[in-house]
Each structure stands twice: as C-alpha cells, then as structure tokens.
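Using the sequences and the hints, build the whole thing.
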Amino acid sequence: MDTLTRLTRRVEREQKARKEAEALLEKKSFELYQSNQELKSLAAELADKEERNRLLLESSSDGIYAIDREGLCSICNPAAAHMLGYESPEQVIGKNAHMLFHHSHQDGSKYPEEECVLQTGLEKEIKLNVLFWRVDGSPIDTECRAAPIKQNGEVVGSVVSFTDISERLETEMQLRQAQKLESIGQLAAGIAHEINTPTQFVNDNIHFLQEAFEDYHKLMSLYDQFLQASEETVQEDKKKEVNLLVEEIDLEYLQEEIPQAISQSIDGLKRIAKIVRAMKEFSHPGEHEKVLIDINNAIETTIDVSRNEWKYHAELETNFDSDLPQVPCLPGEFNQVILNLIVNASHAIADVVTNSGNMGKILISTQQDGDWVEITVSDTGGGVPEEIQGRIFDPFFTTKEVGKGTGQGLAITYSVVVDKHGGTIVLDSQQGVGTVFTVRLPIKVEQLEVQDNE
Amino acid sequence: MNKRILFVDDEKNVLNGLKRSLRSQQKDWDMSFVLGGQSALEMSYNMDFDAVVTDLRMPGIDGLHVVKELKKHHPEIICIILSGHSDEEMIMQSTGVAHQFLAKPCTTRDLINMLTRIFSLKDFLGNKKLQSLVAGMKTIPSMPETYNKILRQLASPNNSLKEIGDTIKQDPAMTAKILQIVNSAFLGLGRHISDTGEAVSLLGLGIVKSLVLSIGIFSQFDEKKVMDKAFSLEKVWQHSLKVADLARRIAVAENAEKEVVDNSFLAGMLHDIGIIILEEHFSEEYGRVRELAQTKGIPMYQAEYEMFGATHAAVGAYLLGLWALDDPLPSTNTRRFVGAAWMVFRH
Ligand SMILES: Nc1ncnc2c1ncn2[C@@H]1O[C@H](COP(=O)(O)OP(=O)(O)OP(=O)(O)O)[C@@H](O)[C@H]1O
Ligand SMILES: [Mg+2]
Chain A
1 MDTLTRLTRR VEREQKARKE AEALLEKKSF ELYQSNQELK SLAAELADKE
51 ERNRLLLESS SDGIYAIDRE GLCSICNPAA AHMLGYESPE QVIGKNAHML
101 FHHSHQDGSK YPEEECVLQT GLEKEIKLNV LFWRVDGSPI DTECRAAPIK
151 QNGEVVGSVV SFTDISERLE TEMQLRQAQK LESIGQLAAG IAHEINTPTQ
201 FVNDNIHFLQ EAFEDYHKLM SLYDQFLQAS EETVQEDKKK EVNLLVEEID
251 LEYLQEEIPQ AISQSIDGLK RIAKIVRAMK EFSHPGEHEK VLIDINNAIE
301 TTIDVSRNEW KYHAELETNF DSDLPQVPCL PGEFNQVILN LIVNASHAIA
351 DVVTNSGNMG KILISTQQDG DWVEITVSDT GGGVPEEIQG RIFDPFFTTK
401 EVGKGTGQGL AITYSVVVDK HGGTIVLDSQ QGVGTVFTVR LPIKVEQLEV
451 QDNE
Chain B
1 MNKRILFVDD EKNVLNGLKR SLRSQQKDWD MSFVLGGQSA LEMSYNMDFD
51 AVVTDLRMPG IDGLHVVKEL KKHHPEIICI ILSGHSDEEM IMQSTGVAHQ
101 FLAKPCTTRD LINMLTRIFS LKDFLGNKKL QSLVAGMKTI PSMPETYNKI
151 LRQLASPNNS LKEIGDTIKQ DPAMTAKILQ IVNSAFLGLG RHISDTGEAV
201 SLLGLGIVKS LVLSIGIFSQ FDEKKVMDKA FSLEKVWQHS LKVADLARRI
251 AVAENAEKEV VDNSFLAGML HDIGIIILEE HFSEEYGRVR ELAQTKGIPM
301 YQAEYEMFGA THAAVGAYLL GLWALDDPLP STNTRRFVGA AWMVFRH
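One line per chain: the protein sequences are A and B, in this order. When you line the first sequence up against my numbering, it's residues 1 to 454, in that order. When you line the second sequence up against my numbering, it's residues 1 to 347, in that order.
Calculated directly from the structure, the hints in this document are not laboratory data. As the structure is a computational prediction, the values presented were derived from the model and not from experiment. Just to be clear, a hint being listed does not mean it is correct.
[Said to hold, decoys possible] Below 16 angstroms or equal to it, Euclidean Cα-Cα: the simulated EDC-like pairs (lysine to aspartate or glutamate) are:
hint, chain 1, residue 1, chain 2, residue 2
1, A, Lys-420, A, Glu-333
2, B, Lys-19, A, Glu-211
3, B, Lys-19, A, Glu-257
4, B, Lys-225, B, Glu-284
5, B, Lys-27, A, Glu-248
6, A, Lys-311, B, Glu-11
7, B, Lys-19, A, Asp-250
8, B, Lys-12, A, Glu-257
9, B, Lys-19, A, Glu-333
10, B, Lys-27, A, Asp-250
[Unchecked claim] Some chain B residues flagged as far from chain A (calculated, every beta-carbon gap over 10 angstroms):
hint, residue
11, Arg-4
12, Val-14
13, Thr-108
14, Ile-217
[To be verified] Per label pair, the in silico range of CB-to-CB distance:
hint, chain 1, residue 1, chain 2, residue 2, range
15, A, His-103, B, Asn-158, 49 to 57 angstroms
16, A, Pro-385, B, Lys-224, 30 to 38 angstroms
17, B, Lys-68, A, Pro-395, 35 to 43 angstroms
18, A, Ile-266, B, Ala-155, 49 to 57 angstroms
19, B, Ala-253, A, Gln-210, 43 to 51 angstroms
20, B, Arg-152, A, Asp-419, 32 to 40 angstroms
21, B, Gly-136, A, Glu-236, 38 to 46 angstroms
Cβ coordinates follow ideal geometry from the N, Cα and C atoms, glycine included.
This is the structure we're talking about:
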C-alpha cells in the first residue's frame with residue numbers, strides 16, 4: 001500500500017469519526033435541551049398550581065383558615081379575615097385562632113380552649129354550626145367544616161372553612177313566621193265560612209219572622225174587630241173574614257214554623273258565638289309561659305276552628321279521658337301542634353276519598369299513662385310511605401304541591417313537643433290503612449311556675 | 001207558568017231558612033229544597049227547572065258538579081252559586097260555570113230581586129233557542145288587537161292596574177265580563193260597580209291575571225266563522241265607543257252625579273252587544289236580516305223580530321241580566337243621555 005493511499009484512508013477514518021462525534025454531540029445537546037425544557041414546564045406547572053391554590057383561597061367566599069398543633073393560625077384567606085372584621089389575613093396569622101374567634105359562648109361566658117372541638121387535634125372531618133366572634137365583638141352564626149391536616153400519617157394541624165349563615169337563619173325564621181301567618185290566613189277563610197252559613201239562615205229566619213209577625217198583626221186586629229162587634233150579623237161577617245185570613249196567611253204553617261225558626265236561629269247564634277270564642281282561645285296571643293291547661297278543652301277548640309278544613313271529606317270523632325289531669329303547656333303552641341296533626345290527617349284523607357263521595361275518619365283520643373298524658377290523632381288516609389317515614393319531621397320536607405304545604409308543620413310540631421315540652425312524638429303508619437301520631441307530654445315539669453289561683 | 005227553582009245546600013238549616021223567607025214568593029215560584037248534590041241530581045232527572053241556586057262546597061257532589069250536570073240536560077237553566085266562601089278561590093272556580101255567585105249571607109230581597117229580573121228578561125227574549133244560547137255564553141269576542149294588547153300588558157313585569165283598566169274600558173266585551181265578575185262577587189257590598197277601573201282594582205292584579213290567562217274570560221273574534229260579509233266587529237265596537245263617550249260627555253255637561261255618568265258610558269258601550277252575539281252564532285241568519293230590512297224597507301229591529309222573534313236589544317239585555325250587570329239604564333237621566341248620543345251616531 002503506498003503512503004498516499006494510507007494517508008487518504010486515515011483522513012477518511014478521521015473524518016468519519018469526527019462526523020460521528022458531531023452527531024453524538026448534537027444528540028446529547030438536544031437531549032439536554034429537552035430535559036431543560038421539561039424542567040422549565042414542570043416549574044411553571046408548579047407555579048401555576050400554587051397560583052391556582054392561592055387564587056382559590058383568595059377568591060373563595062367561604063372563610064378558610066388553618067391552625068398548627070399549637071392552635072396558632074398558619075393560613076387565613078381574605079374572606080375569613082373580612083368576615084371576622086380584620087383588614088388583612090396578616091393580622092390573624094401567627095395568633096391563637098381560638099382566642100380570636102371563639103373566646104366566649106353566646107351568652108358571653110368564657111369558652112375555654114380545651115373544650116373547643118376545632119382546636120383539639122381533629123382525627124376526622126367534622127361539620128357543625130359554630131358561633132364566631134368578630135374583632136368588634138359582634139357574633140356571627142356559621143356553618144363550619146373542619147378537617148385534620150396529616151403529614152406522613154401524623155396530624156399536624158387542622159383546616160377550617162366556614163360560611164356566614166346568619167342571613168339564612170333569619171330567612172328561615174321569617175319563613176316559619178310566614179307559615180304560621182299562612183295557616184292563620186287559611187283558617188280565617190274557613191272560619192268566615194263557618195260564620196257566614198249560620199248568619200245566612202239566621203237572617204232568613206228573621207226575615208220570615210218579620211213577615212209572619214205582620215200577618216199575625218193583621219189577624220189580631222181582625223180578632224179585635226170581631227170581639228168589638230156587638231151585633232150578631234156583624235160578628236158572623238167578621239168571623240168569615242177571620243177564617244179567610246187564617247187561610248190566606250196559612251196560620252197552620254206559621255204556627256208550626258215560627259217556633260222552629262226561633263230555635264234554629266238561636267242555634268245559629270250559638271254556633272257563631274262558639275266559633276268566635278274558639279278563635280280567641282286558639283291563638284292565645286302574648287302567652288309565652290307554660291300554664292296548666294285542660295288538654296281536652298284545648299283540642300276541642302282546635303277542632304272548632306279547623307272544622308272547615310276537614311268537614312267536607314272526613315268525620316271527626318273524639319274519645320277523651322274525662323279524668324285527664326291538667327298539663328303544663330304553652331297553650332298557643334300546643335294548639336298549633338294539634339292543628340298541624342288535624343290538617344295533615346285531613347289532607348291525607350282528602351287524597352284518598354277525592355270525588356268518591358266517601359267520608360274518611362279522624363279520631364282524636366286522650367289518656368293518662370303514669371306520669372304522661374298521651375294524645376293520639378289517627379286518620380284513614382293513605383299512610384306515610386316507608387321510604388319517607390324518616391324524613392317527615394325534617395324542616396321543609398313535603399310531598400304536597402305548592403300552596404298546600406310547606407313542609408314545616410311536623411318540624412314545628414316536633415320542636416314544640418320535644419324541645420319545648422320534653423315530650424315525645426311517634427309515627428305509626430300503614431300504607432293503605434292510615435296513620436297514627438302519638439304525642440306524649442310529661443304531667444310534671446320541674447321548672448313549672450305554680451299558677452296563682454286568684 | 002210559575003218558575004221552577006231548585007235550591008241545594010248541605011245544611012238543613014239553610015234550606016229551612018230559605019224556604020221560610022221565600023214564603024211570599026210561593027205564588028210565582030215553585031221551589032224545591034234539597035239536601036246535598038246527590039239528591040239534587042236525582043231530582044233533576046225527573047223535573048225541569050228554570051233556575052238552580054246551589055251551595056258551592058258540599059261533601060260528595062259539590063255545587064259546581066251539580067251546575068255542570070244540570071246544564072248538560074237543560075242548557076237554558078239559570079245557575080246561581082250561593083256560598084259562604086266569599087274568597088278568591090270561589091270566584092276563580094265558579095267563573096265560567098255559574099252565571100252569578102252570591103256570597104252568604106245574602107238578603108232575601110237581593111235574591112228575589114235578582115231572580116225576578118233575570119226571569120223577566122228571559123221571558124222578554126222569548127225564543128227558547130236564543131235563551132239557551134245566551135245562558136251558555138262564557139265570553140263575548142273582543143277585537144283581536146285589544147285582546148292581544150291585554151295579554152301583552154298582563155304578561156309584562158311592569159304592568160299597572162290603571163293601564164289594564166284602561167284597555168278593558170275600550171272594549172265592550174271585556175267591560176261586560178269584568179263587571180259580571182266583580183258585581184257578582186261583591187254583591188254583598190250593597191252597591192253596583194259600573195266603572196271598569198274600580199272593578200279591576202277591587203279584584204286585584206293577581207285575580208285579573210289568572211282570570212284572563214288561565215280561566216280565559218276574554219276571547220278574540222274569529223272572522224272565519226262569520227258568514228255575513230256586511231258585518232264588521234270593529235265598526236260595531238267603534239260605534240259603541242263613540243256613543244259611550246258622547247253619552248258620558250252629555251252626562252257631565254248636565255252635571256249628573258258620578259253614578260249616572262258611569263252608567264251612561266257603560267250603557268253606550270254595551271247597547272249593541274246583542275248584535276255581536278247574534279253575528280257570532282247566527283251569522284247566516286243575521287245576513288238575511290240585513291237583506292230583509294233592505295228589500296222590505298223596514299228598520300233592522302223589525303227585521304230581526306221577523307227572523308228571530310226577538311231583537312238584538314232583548315238578546316243583549318238578557319245577557320247583561322244574567323251577568324249581574326244591573327239595568328244599565330236605571331235612571332231616566334241615563335236613558336236620556338244615551339238616547340241623545342245614540343241619535344247622533346245612528347247607523
Ligand atoms: N297523617 C298523614 N298521613 C300521610 N302523610 C302524612 C301525614 N302527616 C304528614 N304526612 C307526610 O309528611 C309530610 C310532612 O308533613 P308536614 O306537616 O311537616 O308538612 P306539610 O303538611 O307537607 O306542609 P305544612 O304542614 O307546612 O303545611 C307531608 O307532606 C306528608 O307527605
Ligand atoms: Mg302539615
């Protein structure tokens with residue numbers, strides 16, 4: 001091989017090696033570039049995530065804060081600061097959250113930190129209504145969720161989010177008030193009818209009596225003339241006249257009808273008086289204390305004011321224990337309970353008898369059972385379906401159309417019986433057969449103020 | 001022949017009271033008093049009645065059911081609801097079913113006067129076919145433009161009672177209907193309402209809205225149904241409006257009291273309502289009435305009489321009587337003002 005050839009081969013080899021090296025370099029630097037890119041986008045993504053979290057925290061309308069194991073505030077979003085009356089989250093961060101937000105109970109008494117569920121290390125997520133205090137010392141009602149923060153399985157603090165529900169509570173109260181007014185309004189229409197009907201026939205009877213009296217008057221003056229007439233022939237004539245008039249005014253009819261017209265009018269007036277009295281007794285305005293009441297009597301009153309609600313499709317029977325002791329009650333609220341149960345029974349019956357012309361039955365009975373008085377209201381309606389039995393006492397739970405029910409009747413009933421009277425209310429219902437509600441009230445209540453029997 | 005009237009109530013005392021207080025009517029009326037809807041229906045299968053006066057809410061078969069059933073067999077029957085429920089619900093339910101609803105307590109005199117007036121207008125009309133037609137009428141057709149206008153106004157969120165009252169006031173058909181409802185419902189007030197603005201505000205926007213939108217107390221004129229090509233609803237209504245307006249102005253100029261002024265306007269508005277009823281239901285015959293009047297050279301009312309045995313005035317009067325619009329020409333003054341206005345615009 002001559003030198004030239006060797007040299008040329010060498011150059012070729014070297015050139016090839018160089019090319020290979022260059023290609024490798026290019027490949028490596030490309031890879032480097034790529035991994036660099038990836039790193040960059042990862043960083044951006046992270047920043048983005050953090051930004052999003054920050055935005056989320058900052059734009060949330062719920063108040064959110066976190067506390068560490070010492071109860072010191074580590075995170076606080078602007079909504080939380082704002083709701084609690086602080087200018088910025090910085091005023092809160094690093095301070096003891098309990099001492100700032102939950103230092104006292106509603107009544108102003110001290111709320112020790114050890115008792116605060118939000119403060120003592122949470123194990124799992126909880127949801128509850130909590131009273132928060134603003135920096136200016138005013139309270140807000142909140143609905144609150146708290147969850148533990150865990151690191152490597154160990155609880156290192158908790159995060160709390162809360163919503164201001166004072167407005168919602170206010171609306172709920174207004175709604176409750178509205179429902180009460182609505183039920184009174186509804187009753188009023190029925191009561192008007194209960195008054196209008198007897199008024200109609202009392203009016204008619206009096207109109208009749210007026211005309212009848214005029215007829216009697218005619219007859220009496222004729223009799224008078226008859227008695228005055230001395231001559232026999234004149235007397236004969238007058239007698240004929242009298243007989244004619246007796247016929248004309250149908251004296252027999254009058255004599256039969258007048259006493260009835262009077263007694264039916266008296267009944268009508270009694271009915272009007274009774275419903276007016278019941279109306280007054282039912283509402284018990286201004287009575288906010290428990291007093292001893294005659295349960296049977298109170299139920300009777302409620303039956304009277306609600307008659308128009310049920311009388312077109314149900315008969316109502318009572319079975320009262322006449323030896324029932326008096327029971328300490330809030331009279332207005334107790335009547336509301338009975339009214340709700342009667343109206344529900346009546347609705348349930350109306351649904352099953354619609355247009356059939358049949359009548360259902362409502363039975364109300366009372367009895368004593370040891371230290372308890374038991375009131376049952378039963379109906380022959382369609383019953384409460386099993387699936388909803390657990391929910392009927394929930395506020396706003398209703399199966400009725402708008403305008404017929406708001407779903408507050410039983411919720412109010414429950415709170416009156418259980419919370420305000422320390423009693424119980426139990427549902428027993430069989431579909432297709434009917435429903436029984438049993439209310440039990442304690443006869444003795446310790447805090448009861450003894451009534452003066454003046 | 002005596003008029004036969006069926007009284008229905010679910011309370012014996014009410015029936016007893018009515019029977020006693022209506023004792024003096026026995027010479028003119030044959031009255032039956034029955035307890036409950038079921039017995040009312042049973043009785044109606046064996047007997048004819050000119051009128052029924054029934055309670056509304058009764059257990060089992062209620063008053064509306066009774067009325068509907070009776071109307072099926074006796075389309076000319078006069079139907080009155082007498083109920084202790086003087087609330088909105090009653091108005092809503094009975095409008096379109098009964099001719100009038102009286103609120104309990106209602107005096108014997110009101111009841112007698114009302115029925116007597118209706119009976120006499122019915123007898124005056126005579127023709128049985130027309131009696132049934134008028135008794136069965138639920139609405140009088142309005143001009144489509146006015147009808148659409150009122151729908152628009154009611155649907156608008158910022159409507160006002162005043163606007164709505166004004167629209168109704170421009171339309172004789174709506175005027176008649178709204179006054180029927182208000183006078184029927186508020187008979188207990190002891191006064192008669194002849195001003196549509198007052199009527200609308202007494203009822204309130206809510207009721208007016210559901211009456212118009214869901215019960216359909218107004219309707220629009222369907223031109224396709226009319227065979228009489230010479231007829232124009234618009235012309236008749238415009239004529240009515242002109243007479244009404246002039247009559248009112250004459251009344252004002254004569255220093256008449258408000259009631260007379262209102263009544264003059266109303267009477268002018270409604271004086272041709274009978275023509276609309278005849279045109280809507282006997283269009284072909286009414287076309288021939290026109291021909292008859294022309295060929296024979298006789299006045300329209302005479303031609304009407306030859307064709308129907310009654311004039312459009314009698315038809316209108318019976319409808320207004322049934323609809324609780326008191327005699328629109330109660331005082332001689334009103335009569336004078338409307339008469340004068342009418343002479344000016346005579347067709
Ligand atoms: N006697 C009953 N028979 C059958 N279902 C009943 C009965 N009582 C209550 N319910 C059921 O329970 C639901 C709740 O009753 P609740 O009285 O709380 O509300 P409501 O009657 O619907 O409305 P409101 O009482 O506020 O007018 C009713 O909608 C109905 O479905
Ligand atoms: Mg209820």
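request  = Please work out if Lys-19(B) and Glu-257(A) have their alpha carbons no farther apart than 16 angstroms.
outcome  = Satisfied, since the Cα-Cα distance of roughly 10 angstroms is no more than 16 angstroms.
ask   = Does Glu-333(A) lie within 16 angstroms of Lys-420(A) when you go C-alpha to C-alpha?
value = holds, 9 angstroms
ask   = Does the hinted range 35 to 43 angstroms hold for Lys-68(B) and Pro-395(A) at CB?
value = holds, 41 angstroms
key: Pair hint Lys-311(A) and Glu-11(B), alpha-carbon separation not exceeding 16 angstroms   = holds, 12 angstroms
ask   = Does Ile-217(B) really sit off the interface, with its C-beta more than 10 angstroms from all C-beta atoms of chain A?
value = holds, 22 angstroms
inquiry  = For a C-alpha distance cap of 16 angstroms, please report whether Lys-225(B) and Glu-284(B) respect it.
reply    = Status holds; Cα separation ~10 angstroms.
message = Against the 16 angstroms threshold, does the CA-CA distance of Lys-19(B) and Asp-250(A) hold or violate the hint?
response = holds, 14 angstroms
ask   = Taking the beta carbons of Ile-266(A) and Ala-155(B), is their distance inside 49 to 57 angstroms?
value = Between Ile-266(A) and Ala-155(B), where Cβ atoms are some 54 angstroms apart, the hint holds.
query = Hey, Lys-19(B) versus Glu-211(A), does the alpha-carbon distance stay inside 16 angstroms?
reply = Holds - the C-alpha atoms of Glu-211(A) and Lys-19(B) are around 13 angstroms apart, at most 16 angstroms.
task = Evaluate the given range 49 to 57 angstroms for the C-beta pair formed by His-103(A) and Asn-158(B).
result = About 51 angstroms separates the Cβ atoms of His-103(A) and Asn-158(B), which means 49 to 57 angstroms holds.
message = Over 10 angstroms from every CB of chain A: does Val-14(B) meet that, or does the non-interface label fail?
response = It is violated; Val-14(B) is separated from chain A by about 5 angstroms at its closest Cβ, not greater than 10 angstroms.
message = Check the hint pairing Lys-19(B) with Glu-333(A) against an upper bound of 16 angstroms on the C-alpha distance.
response = At roughly 44 angstroms apart (the allowed maximum being 16 angstroms), Glu-333(A) and Lys-19(B) break the hint.
Hint compliance for this structure: hints 9, 12, 13, 16, 20 and 21 are broken, all remaining hints hold.
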